[in-house]
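Required output: the full structure, derived from the provided sequences and hints.
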Amino acid sequence: MENVFQPLRAYEHWLAQYKRVWRGTIGTSLINPLLYLAALGVGLGTIVDESSNAPAGVPYLDFIAPGLLAAAAMQTAATESSWPVMGAIKWTRTYYAMTATPLTERDVLIGHQLFVITRVLTASTAYLLIVALFGAVHSWLGLLAIPVAVLIGTAFSMPMAAYASSVEQDRSFPPIFRFLIVPMFLFSGTFFPVTQMPLVFELLAYLTPIWHGVELCRGAMLGTLELLPALGHLAYLLAWTVGGFLLARRSYKRRLFR
Amino acid sequence: MSDNGSMIHARGLVKRFGDLVAVDGIDLDVRRGEAFGFLGPNGAGKSSTMRMIGCVSPVSGGTLRILGRDPDADGPQIRARLGVVPQQDTLDLELTVRENVLIYGRYFGLTRRELRPKIDELLDFVQLTDRAGDKVEPLSGGMKRRLTIARSLVNDPDLLLLDEPTTGLDPQARHVVWDRLFRLKQRGVTLVLTTHYMDEAEQLCDRLVVMDHGRIVAEGSPRQLIERYSTREVVEIRFEGDRPETLALDGVGERVEELPDRVLVYTHDGDATAAALAERNLPPHATLVRRSTLEDVFLHLTGRTLVD
Numbered sequence: 001m002e003n004v005f006q007p008l009r010a011y012e013h014w015l016a017q018y019k020r021v022w023r024g025t026i027g028t029s030l031i032n033p034l035l036y037l038a039a040l041g042v043g044l045g046t047i048v049d050e051s052s053n054a055p056a057g058v059p060y061l062d063f064i065a066p067g068l069l070a071a072a073a074m075q076t077a078a079t080e081s082s083w084p085v086m087g088a089i090k091w092t093r094t095y096y097a098m099t100a101t102p103l104t105e106r107d108v109l110i111g112h113q114l115f116v117i118t119r120v121l122t123a124s125t126a127y128l129l130i131v132a133l134f135g136a137v138h139s140w141l142g143l144l145a146i147p148v149a150v151l152i153g154t155a156f157s158m159p160m161a162a163y164a165s166s167v168e169q170d171r172s173f174p175p176i177f178r179f180l181i182v183p184m185f186l187f188s189g190t191f192f193p194v195t196q197m198p199l200v201f202e203l204l205a206y207l208t209p210i211w212h213g214v215e216l217c218r219g220a221m222l223g224t225l226e227l228l229p230a231l232g233h234l235a236y237l238l239a240w241t242v243g244g245f246l247l248a249r250r251s252y253k254r255r256l257f258r
Numbered sequence: 001m002s003d004n005g006s007m008i009h010a011r012g013l014v015k016r017f018g019d020l021v022a023v024d025g026i027d028l029d030v031r032r033g034e035a036f037g038f039l040g041p042n043g044a045g046k047s048s049t050m051r052m053i054g055c056v057s058p059v060s061g062g063t064l065r066i067l068g069r070d071p072d073a074d075g076p077q078i079r080a081r082l083g084v085v086p087q088q089d090t091l092d093l094e095l096t097v098r099e100n101v102l103i104y105g106r107y108f109g110l111t112r113r114e115l116r117p118k119i120d121e122l123l124d125f126v127q128l129t130d131r132a133g134d135k136v137e138p139l140s141g142g143m144k145r146r147l148t149i150a151r152s153l154v155n156d157p158d159l160l161l162l163d164e165p166t167t168g169l170d171p172q173a174r175h176v177v178w179d180r181l182f183r184l185k186q187r188g189v190t191l192v193l194t195t196h197y198m199d200e201a202e203q204l205c206d207r208l209v210v211m212d213h214g215r216i217v218a219e220g221s222p223r224q225l226i227e228r229y230s231t232r233e234v235v236e237i238r239f240e241g242d243r244p245e246t247l248a249l250d251g252v253g254e255r256v257e258e259l260p261d262r263v264l265v266y267t268h269d270g271d272a273t274a275a276a277l278a279e280r281n282l283p284p285h286a287t288l289v290r291r292s293t294l295e296d297v298f299l300h301l302t303g304r305t306l307v308d
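Protein chains in written order, with my numbering: chain A, 1 to 258; chain B, 1 to 308.
These aren't lab readings, by the way, just hints derived from the structure by calculation.
Hints are supplied without guarantee of correctness; some may be wrong.
Claimed, not checked - With a straight-line Cα cutoff of 20 Å, these simulated EDC-like cross-link-like pairs (lysine to aspartate or glutamate) come out: (1) B/Lys-144 x B/Asp-170; (2) A/Lys-90 x B/Glu-94; (3) B/Lys-118 x B/Asp-158; (4) A/Lys-90 x B/Asp-89; (5) A/Lys-19 x B/Asp-134; (6) A/Lys-253 x B/Asp-70; (7) B/Lys-185 x B/Asp-124; (8) A/Lys-90 x A/Glu-168; (9) A/Lys-90 x B/Glu-137; (10) B/Lys-144 x B/Glu-121.
As the list claims (entries may be wrong) - Coverage of chain A stretches by chain B, computed from C-beta distances (three or more under 8 Å per stretch; other residues unrestricted): (11) 3-11; (12) 100-108.
Note that the Cβ used here is the ideal one computed from N, Cα and C, for glycine as well.
Put into structure tokens, the structure is as follows:
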């Protein structure tokens, strides 16, 4: 029987690598969402707050702060499981170094995903602390936004890892970001309630994992979370995570052990 | 612990990729302490065979036992006892020389405490001690290869697999690598390597198989193969420009092999044959007498040269 701690050995590789490049990743993972928060939450927010129908009845900054947390988790996770996964197969061949040892495709996949989770976890914790200082966290339930962000991350990174390990060219990635990730960032409840959109788009938004993540983060940080809908959102994110993991494991096996 | 004490035991081993048959039913037995080679041109099936032996490529047909175990069932357990030097380096270019061995050792579950003295010893063995703290990226190809070898030894493997260990290296770097591999062989490490360099095979291998089109076409020690499939000496004839039509080679030597750029005359006595050729008005500077090599064996068996 394989050792259940084996994925940690692969994880160590990614940590050692990250020690050399972590400074560069703060920009995309932490500073980007804070810039959005300043421009839209503070800048645009002053106009929105003067109108009589502010969403959720809270200051606009407080409304979008959870949305941006969820969106940043999605973007960090999707990015970390795209080019780096292909790179570990085609360019650095790191995965092949791992599979020449007792590590299996499962260990290689989980080890890499643990690192993606680490990235999401640290970035969302730092972000939550900062927005808490702005008074955007209304409840202790807000702490739940961190594990939720991790689940949002895995809901995106697992399917992305499955995709990245099955394609041959890195030009396969930009369309995914352009036509899926960016629209989800803009139209899945991050900046305005999806009920504002025509019905078709509203229904489409409910299908995206990110809408469920935004709802969870918002409910947690504003203290309005209700148990039953929350369980539904969690189950949906978990389904994407598990489904993505199974696909990715199959794809890793095909690619690394052929 | 294993089938008749063999480290690698294969019968009718097959590897298919869709319709392509990369390995077409080969039989092998590699004994403990042996240095065993696969010689053949690119595409002969050497690397596919090595990947199956390395337990990273499922067997399509036949039987394969590595260290007495079945790769399909016990891949991770077998890999724990193998050292692998892949054809393309898989080093972490961003990390230091030392970190590379450390991280690789961790894949095997070795502790940092166990690894500390081990890394010193291995870097000393591959002569990289003074580069231990340097990043890998700017190292030369030969140094990277030596680091890959150091890394492959971190688990004290029972069996070391080397896929084209010196391809792409300059002659001096190749000799350094050969020297290190020769020392491993003297220590009793079982080596299995693929190569398309006959000199590499002659230097390192106790026994080898010649592969072509996924099959084994000959097996034996380098000396046996040369005795069996070639003559002791060869006279090479090179022409300036086209081959003169008047040149008749009938009755010269044992056998004549015509290549695009030269003619090879296989003979037991090179000097006598060269003299006979001179009598046929062939200028002396056009002929070269040399000993037979594995290249000649390969040419005879397949009708092709190893490196085109």
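Hint-by-hint comparison with the structure:
{"no.": "1", "hint": "B/Lys-144 x B/Asp-170", "in the structure": "holds, 13 Å"}
{"no.": "2", "hint": "A/Lys-90 x B/Glu-94", "in the structure": "holds, 16 Å"}
{"no.": "3", "hint": "B/Lys-118 x B/Asp-158", "in the structure": "holds, 16 Å"}
{"no.": "4", "hint": "A/Lys-90 x B/Asp-89", "in the structure": "holds, 12 Å"}
{"no.": "5", "hint": "A/Lys-19 x B/Asp-134", "in the structure": "holds, 15 Å"}
{"no.": "6", "hint": "A/Lys-253 x B/Asp-70", "in the structure": "holds, 18 Å"}
{"no.": "7", "hint": "B/Lys-185 x B/Asp-124", "in the structure": "holds, 17 Å"}
{"no.": "8", "hint": "A/Lys-90 x A/Glu-168", "in the structure": "holds, 9 Å"}
{"no.": "9", "hint": "A/Lys-90 x B/Glu-137", "in the structure": "holds, 17 Å"}
{"no.": "10", "hint": "B/Lys-144 x B/Glu-121", "in the structure": "holds, 17 Å"}
{"no.": "11", "hint": "3-11", "in the structure": "holds (count 4)"}
{"no.": "12", "hint": "100-108", "in the structure": "holds (count 5)"}
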